[in-house]
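A.B. asks: Chains as they are written, first to last, in this note's numbering: chain E, 1 to 193; chain B, 1 to 193; chain F, 1 to 193; chain S, 1 to 193; chain X, 1 to 193; chain V, 1 to 193.
Among the hints, a few may not be true.
[Claimed, not checked] If you only want the chain E side, here are some residues facing chain B, beta carbon under 10 Å, derived:
hint, residue
1, 4
2, 5
3, 62
4, 64
[Unchecked claim] Covered stretches of chain X, going by a simulated chain S footprint (3 or more residues, C-beta under 8 Å):
hint, region
5, 60 to 66
6, 78 to 87
7, 142 to 155
[Claimed, not checked] Simulated crosslink set (DSS-like; lysine-lysine; CA at most 25 Å straight-line):
hint, chain 1, residue 1, chain 2, residue 2
8, B, 31, B, 68
9, E, 19, B, 31
10, X, 31, X, 68
11, S, 100, F, 62
12, S, 100, S, 27
13, V, 100, X, 19
14, E, 62, B, 19
15, S, 68, S, 19
16, V, 31, V, 19
17, X, 31, X, 19
18, B, 68, B, 19
19, V, 19, X, 62
20, B, 68, B, 100
21, V, 68, V, 19
22, F, 19, F, 68
23, S, 62, S, 19
24, F, 19, S, 31
25, E, 68, E, 19
Keep in mind that the hints were calculated from the coordinates and are not lab data. In this text, a Cβ means the ideal position worked out from N, Cα and C, and glycines have one as well.
Protein chains: 6
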Amino acid sequence: MSNTPISRFEPPRLAELPKDVAERIAKVQEKSGFVPNVFLALARRPDEFRAFFAYHDALMEKPGGLTKAEREMIVVATSGLNHCHYCVVAHGAILRIRAKNPLIADQVAINPRKADLTPREHAMLDFAVKVAERSHEIDDADYAALWDRGFTDDEAWDIAAIAAMFAMSNRLANAFSIRPNDEFHMMGREPRP
Amino acid sequence: MSNTPISRFEPPRLAELPKDVAERIAKVQEKSGFVPNVFLALARRPDEFRAFFAYHDALMEKPGGLTKAEREMIVVATSGLNHCHYCVVAHGAILRIRAKNPLIADQVAINPRKADLTPREHAMLDFAVKVAERSHEIDDADYAALWDRGFTDDEAWDIAAIAAMFAMSNRLANAFSIRPNDEFHMMGREPRP
Amino acid sequence: MSNTPISRFEPPRLAELPKDVAERIAKVQEKSGFVPNVFLALARRPDEFRAFFAYHDALMEKPGGLTKAEREMIVVATSGLNHCHYCVVAHGAILRIRAKNPLIADQVAINPRKADLTPREHAMLDFAVKVAERSHEIDDADYAALWDRGFTDDEAWDIAAIAAMFAMSNRLANAFSIRPNDEFHMMGREPRP
Amino acid sequence: MSNTPISRFEPPRLAELPKDVAERIAKVQEKSGFVPNVFLALARRPDEFRAFFAYHDALMEKPGGLTKAEREMIVVATSGLNHCHYCVVAHGAILRIRAKNPLIADQVAINPRKADLTPREHAMLDFAVKVAERSHEIDDADYAALWDRGFTDDEAWDIAAIAAMFAMSNRLANAFSIRPNDEFHMMGREPRP
Amino acid sequence: MSNTPISRFEPPRLAELPKDVAERIAKVQEKSGFVPNVFLALARRPDEFRAFFAYHDALMEKPGGLTKAEREMIVVATSGLNHCHYCVVAHGAILRIRAKNPLIADQVAINPRKADLTPREHAMLDFAVKVAERSHEIDDADYAALWDRGFTDDEAWDIAAIAAMFAMSNRLANAFSIRPNDEFHMMGREPRP
Amino acid sequence: MSNTPISRFEPPRLAELPKDVAERIAKVQEKSGFVPNVFLALARRPDEFRAFFAYHDALMEKPGGLTKAEREMIVVATSGLNHCHYCVVAHGAILRIRAKNPLIADQVAINPRKADLTPREHAMLDFAVKVAERSHEIDDADYAALWDRGFTDDEAWDIAAIAAMFAMSNRLANAFSIRPNDEFHMMGREPRP
């Protein structure tokens, strides 16, 4: 497998990257133990790399609001609908870890409706899926369904924005054939103690 | 019309914005003569605002490669398919100005296939539309069709990335009901001299 | 632009047209200041021309019932869904004039759900869109939704018949590549006094 | 069955119809042995009735060009896709008679691709189906495919126009729930001698 | 017509069939007066033949529960949606006979929503159609709609299982181009006494 | 997790099962180390159970022709498109084991086009996917594409039949909410030595 390219576009050499981009990559490598391929693939364009990860961090890492597991559920559910190999595998791994549940990512990626979710989580994913697939039809009733499950206005924004950002991310990974690192497939699959 | 809200989420007061966000808004106002509503709507979240416009500028304003008119064609064609009121109207105005063609935006938004385009432009939009609608099916043949029309690898990246970024942007504008400024509807419609 | 053909099929010479067809064309020219291309394109077949415009006039010009602006809204909304360049541009112009609203046509063509419409107008367009897209699923509940907004049985007939007639008209204009006259793009765009 | 209404809208009493409408109905009754329900249903609106049948006759009854069986094939194939109960049953009967083939209507209505058709007939129906379903994508290649099978420009117009007219007709019959006369189900089913 | 092959795959010679397969075929021939082509087509693979008809008989012939006419309605409605020529024609004939109604099969195949059905039958077909088209979205509400019309749990199973079995059967008949026997087209069309 | 029901329909008690059904279940338990839930769920109906597994074994276990890994690829690819939680998880495990490849099941389930497959395997899955999604459009060209990759007529039958059988199986598992055993998620994920 080691000879399969990580993307249709050749990634830059690490030594040639701008310092801030190289540091961001070093940081994720330290945290994960490997460099997720999307970092290498997008580093070919440093300005886009910076904007992409700034947007990602603003939505996925900010304190408060949705839990980190909830945010990853949104990513996995919408990436499954968009048939995005990279995002389902990589964010599926993160979801298993965040949710401390080795089964949840496969369930959510294949069919969120049949997943082991709370009614609150189902409402969140119904909204996210509509943003992914038919955003022009979103109306008051969709927001009301979130409020009924206790979501705030700002959490509604977060759900929509995460689904929108991965609409972009899925299309980039699909168009560029970005390949998920083999490591992701096994992460977080050990049964919970 | 002046009483219609510009977004489902109340925009922040200008006086309360971080300095860099306020400056970016002042700059676009100076250039356009008004503040496009998407700036106000997204300023509610300064970090996301910064990342969004950094990504936008990296793709839409960088020198070289696709012409600015070509980039706007991609935006208008894919936003039409996504039924995004804001992006079709606002970027339709920019397209008319960039292309110096008062008819082109309506044509591209309604049906790119019947628009007054060159074969090169048709190839570009065929690829962009596939990224917007079926990115998981993109394969070698899609890239080869671009090369046949003289596009480089880096231009192929740009087409995909612009279509992907507006997949996000369309979903934000649709989910938040961001309303285009009235001014956009008339811009660039005067016949070419 | 003046060299672009108005249709895939060469239009007849005016001098060769039957008298009643020529008179109908003269009449619309007098009223509009130019001959809308659909008249020239369809005049190639005088019998079909007569039937087409007789049907058009019976639905669009008859007194009473729906306002003329409402009828044009139906045309623009369904023609947008059918990606009909001719009908969106030409009837968009008429809608702006009839509704005395320079923004309404772009809104309705791109996404009727986000347009500045009354609940009555939304109900009308929901019904029209269902006739355009899934007429075999129309049932009692669809009619009841119209009655709830004060529409009569005969107005329900009109909504369905207008949507149906433009299902035909959109397909003719698309299959024949009928091009809207440049003049339509600018008509009715001046702000209301 | 005799108590089932022929349409959601009550048909007019024959005695109250304008003379020309009544005569058209008498003529079809004489020819068919019964009054097809679409005549009664549409007679509620004499002007629309006249235009509808003028259009119908201009396309379906004119001499030369496509055979009458070919024209009915177009109607049955596109009406099947539109799930139009009236048109499939009524025009299926006419197709069986015109084509002197008791099996052809069921084949064409269910799946034209598997019907006992010549390559020329398949090319004709491929074009008609594209007009019915995706007319905005029709391009030079679609016309070239017809020419390859010996169709003239005027026959291409006829195929498109018949498919377009029944796009309208199917939507009227569906929206109004027009019921086919029981007689149609059995017509033309006797094996060919 | 007699020279048209009954399937893309050549059927086996009857003399070469295993005894139990030959007996099953003899039995259906005795009952129907002819051998339905699906028996010959599938006999090419005796093990699959045995399993297929065992499954068929378990669902379609077992005593109790849904009436035989109800079961055939499910087959005809879902086979119509799947454009399966064989199943619509063959099971349409059986439905006409079982329901003692010469019109019902055409109605159900073209558009179940407009067919002469009871509310109970409509509920049954709504469920079956959802199994055929969007089974991953089936939820408690779909079962509740059946219970409201008096269906038992076991009858709900039967509806789902019949729709599922013909999802298979339609795909086999379509992929193998299995042709319905001419005899089916006329069966059960005589008016009820 | 142990309290989550394995199906919407209560499974029978093992002690009450017919002897042959109980033996089949004992056999799979011995082989796998646990009883896959589909066996328990379908055992509620012994006749359907027998036919279902007879069909399954005839297609999936017979000697010769497609390799067992190839057969499982067909199951996983089409079950992914049908959003069948049970079949993707259970057959994904079997595919990993048969193909001795811990990554292949996730790849094929999410997007067969981007999976690490040979051209022969891609041709096989293209055909299978068309059977699953648009079997009525299958024609000579689809068979020719298989022959070009060295498949025999009988292997073409197998591909179609497996895709068809899982069209049924996916709908049963979805409609009945059959839950995959937790064990499947981890099976075959250990890297190849």
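A.B. asks: Against this structure, judge whether each hint is valid.
C.D. replies: Structure-based check of each hint:
| no. | hint | in the structure |
| --- | --- | --- |
| 1 | 4 | 15 Å, violated |
| 2 | 5 | 13 Å, violated |
| 3 | 62 | 7 Å, holds |
| 4 | 64 | 13 Å, violated |
| 5 | 60 to 66 | violated (count 0) |
| 6 | 78 to 87 | holds (count 4) |
| 7 | 142 to 155 | violated (count 0) |
| 8 | B:31 to B:68 | 16 Å, holds |
| 9 | E:19 to B:31 | 33 Å, violated |
| 10 | X:31 to X:68 | 16 Å, holds |
| 11 | S:100 to F:62 | 43 Å, violated |
| 12 | S:100 to S:27 | 23 Å, holds |
| 13 | V:100 to X:19 | 41 Å, violated |
| 14 | E:62 to B:19 | 21 Å, holds |
| 15 | S:68 to S:19 | 29 Å, violated |
| 16 | V:31 to V:19 | 18 Å, holds |
| 17 | X:31 to X:19 | 18 Å, holds |
| 18 | B:68 to B:19 | 29 Å, violated |
| 19 | V:19 to X:62 | 21 Å, holds |
| 20 | B:68 to B:100 | 11 Å, holds |
| 21 | V:68 to V:19 | 29 Å, violated |
| 22 | F:19 to F:68 | 29 Å, violated |
| 23 | S:62 to S:19 | 24 Å, holds |
| 24 | F:19 to S:31 | 33 Å, violated |
| 25 | E:68 to E:19 | 29 Å, violated |
Violated hints, listed in ascending order, are 1, 2, 4, 5, 7, 9, 11, 13, 15, 18, 21, 22, 24 and 25; each of the other numbered hints is respected by the structure.
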